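Number of protein chains: 2
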Amino acid sequence: MTKPKLTYWFDFASTYSYLSAMRIENLAADTDIDIIWQQFLLGPIFKAQGYETSPFNLFEIKGKNMWRDLERLAQYYDLPAFTKPDPFPQNGLRAARIAAFYAGEDWVPQFIKSIFFAQFTKAALISDELIVTSLNDLGQDGDALLHQAKSDLSMKDKLRQVTEEAQEKGLFGAPSFVTEDGELFWGNDRLEQAIDWVKRNSQ
Amino acid sequence: MTKPKLTYWFDFASTYSYLSAMRIENLAADTDIDIIWQQFLLGPIFKAQGYETSPFNLFEIKGKNMWRDLERLAQYYDLPAFTKPDPFPQNGLRAARIAAFYAGEDWVPQFIKSIFFAQFTKAALISDELIVTSLNDLGQDGDALLHQAKSDLSMKDKLRQVTEEAQEKGLFGAPSFVTEDGELFWGNDRLEQAIDWVKRNSQ
Numbered sequence: 000m001t002k003p004k005l006t007y008w009f010d011f012a013s014t015y016s017y018l019s020a021m022r023i024e025n026l027a028a029d030t031d032i033d034i035i036w037q038q039f040l041l042g043p044i045f046k047a048q049g050y051e052t053s054p055f056n057l058f059e060i061k062g063k064n065m066w067r068d069l070e071r072l073a074q075y076y077d078l079p080a081f082t083k084p085d086p087f088p089q090n091g092l093r094a095a096r097i098a099a100f101y102a103g104e105d106w107v108p109q110f111i112k113s114i115f116f117a118q119f120t121k122a123a124l125i126s127d128e129l130i131v132t133s134l135n136d137l138g139q140d141g142d143a144l145l146h147q148a149k150s151d152l153s154m155k156d157k158l159r160q161v162t163e164e165a166q167e168k169g170l171f172g173a174p175s176f177v178t179e180d181g182e183l184f185w186g187n188d189r190l191e192q193a194i195d196w197v198k199r200n201s202q
Numbered sequence: 000m001t002k003p004k005l006t007y008w009f010d011f012a013s014t015y016s017y018l019s020a021m022r023i024e025n026l027a028a029d030t031d032i033d034i035i036w037q038q039f040l041l042g043p044i045f046k047a048q049g050y051e052t053s054p055f056n057l058f059e060i061k062g063k064n065m066w067r068d069l070e071r072l073a074q075y076y077d078l079p080a081f082t083k084p085d086p087f088p089q090n091g092l093r094a095a096r097i098a099a100f101y102a103g104e105d106w107v108p109q110f111i112k113s114i115f116f117a118q119f120t121k122a123a124l125i126s127d128e129l130i131v132t133s134l135n136d137l138g139q140d141g142d143a144l145l146h147q148a149k150s151d152l153s154m155k156d157k158l159r160q161v162t163e164e165a166q167e168k169g170l171f172g173a174p175s176f177v178t179e180d181g182e183l184f185w186g187n188d189r190l191e192q193a194i195d196w197v198k199r200n201s202q
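Line order of the protein sequences matches chains B and V.
With numbering that gives the first Met the number 0, the residue at position 58 of the first sequence is 57, and numbering never jumps.
With numbering that gives the first Met the number 0, the residue at position 55 of the second sequence is 54, and numbering never jumps.
I should point out that these hints are in silico values taken from the structure, not numbers from a laboratory.
Do not take every clue at face value.
If chains are identical, the list can't say which one is meant, so a pair holds when it fits in one copy or spans any two.
[Said to hold, decoys possible] Derived lysine-lysine pairs resembling DSS-like cross-links, with alpha carbons at most 27 Å apart:
id, residue 1, residue 2
1, Lys157, Lys83
2, Lys2, Lys121
3, Lys63, Lys198
4, Lys46, Lys63
5, Lys168, Lys46
6, Lys168, Lys83
As the structure is a prediction and not an experimental result, all values here were calculated from the model.
Please construct the entire structure, taking both the sequences and the accompanying hints into account.
Pasting the structure below:
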């Protein structure tokens with residue numbers, strides 16, 4: 000029996016993607032849904048909408064409210080206090096290449112969560128050091144993977160390719176949850192409904 | 000004893016405000032919270048953000064997903080099938096003046112709900128006829144109120160004044176829920192949390 004799938008599209012710069020990363024495994028735990036953790040890059044997708052940086056930065060009043068919203072939501076979900084990294088958004092390109100290239104490997108969701116967690120609960124930069132340490136902690140060869148992320152063209156290509164795929168699927172923000180029957184749920188607020196949709200439509 | 004207040008800021012053109020209008024009384028029913036139904040105009044607020052029309056219309060892919068989201072949410076909340084009015088957004092200025100000027104009167108929430116309901120479950124235009132019929136159904140003098148909405152300058156002023164107040168409070172979209180201690184919750188997705196906030200902070 001093939002398990003029904005739900006693809007969780009995320010970007011390391013996306014604050015609301017962080018909340019979903021922390022919640023998705025628990026929410027799917029009592030289901031037979033297979034969660035696909037799918038890295039992509041928001042940058043090219045925002046550019047196509049005319050944004051040169053995060054909409055958080057472009058619309059000041061709205062952005063300010065979103066930071067407050069994130070503080071409240073972290074509390075609501077029983078997560079540690081939310082911290083805003085400086086600068087925001089950060090350059091998470093090397094971590095993104097690793098997450099996209101090795102998508103499907105057992106250790107990848109844990110790697111993704113540790114990058115998110117450091118960024119949004121310790122205001123940590125997504126530095127080479129953070130990447131290497133996070134990988135080593137998971138029993139991977141951090142130095143080798145970082146070296147690959149810097150030099151291996153097929154890694155760069157993979158990330159570009161999945162980002163193009165996201166655009167073809169009509170993604171316009173993150174997180175997005177896409178079902179096998181083509182429903183696109185946008186935003187951390189829709190995570191429960193996306194899971195519910197897959198449950199109801201795969202029985 | 001004064002009851003704690005939660006102000007529900009809405010605009011008739013706001014699809015997600017419709018969902019909140021249909022839900023807010025039930026959600027507040029078991030609390031002692033006093034819901035203030037506060038009409039304002041999104042137009043000037045969107046203009047200040049550089050939007051000349053609804054963001055639904057400006058960002059095509061995102062807008063398309065929002066219509067789908069509304070269909071799914073209407074189902075999720077057990078509301079009748081969601082219908083998109085044409086044109087969108089509509090001119091609801093006369094209804095808005097009435098709702099703003101008579102805010103606080105007993106019949107106003109029901110008037111607001113009937114305008115929203117006709118618009119988003121029957122794709123009805125916010126015509127003079129709809130306004131008059133809705134008011135008459137509530138035991139008001141529809142013709143007299145419509146006449147006032149067309150000719151009474153103090154009604155026009157009131158709507159302008161509350162819209163300025165909304166801008167001063169930092170509102171950037173609708174629905175917005177504002178607590179007495181100054182928390183601003185944006186969006187129908189935050190209605191439960193806004194009510195919960197008032198409950199926790201007014202005991």
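Against the structure, the hints come out as follows:
{"no.": "1", "hint": "Lys157 <-> Lys83", "in the structure": "neither (29 Å within a copy, 39 Å between copies)"}
{"no.": "2", "hint": "Lys2 <-> Lys121", "in the structure": "neither (36 Å within a copy, 39 Å between copies)"}
{"no.": "3", "hint": "Lys63 <-> Lys198", "in the structure": "between (36 Å within a copy, 24 Å between copies)"}
{"no.": "4", "hint": "Lys46 <-> Lys63", "in the structure": "both (22 Å within a copy, 19 Å between copies)"}
{"no.": "5", "hint": "Lys168 <-> Lys46", "in the structure": "within (16 Å within a copy, 30 Å between copies)"}
{"no.": "6", "hint": "Lys168 <-> Lys83", "in the structure": "between (30 Å within a copy, 23 Å between copies)"}
Violation of the numbered hints given earlier is confined to hints 1 and 2; the remaining hints are satisfied by the structure.
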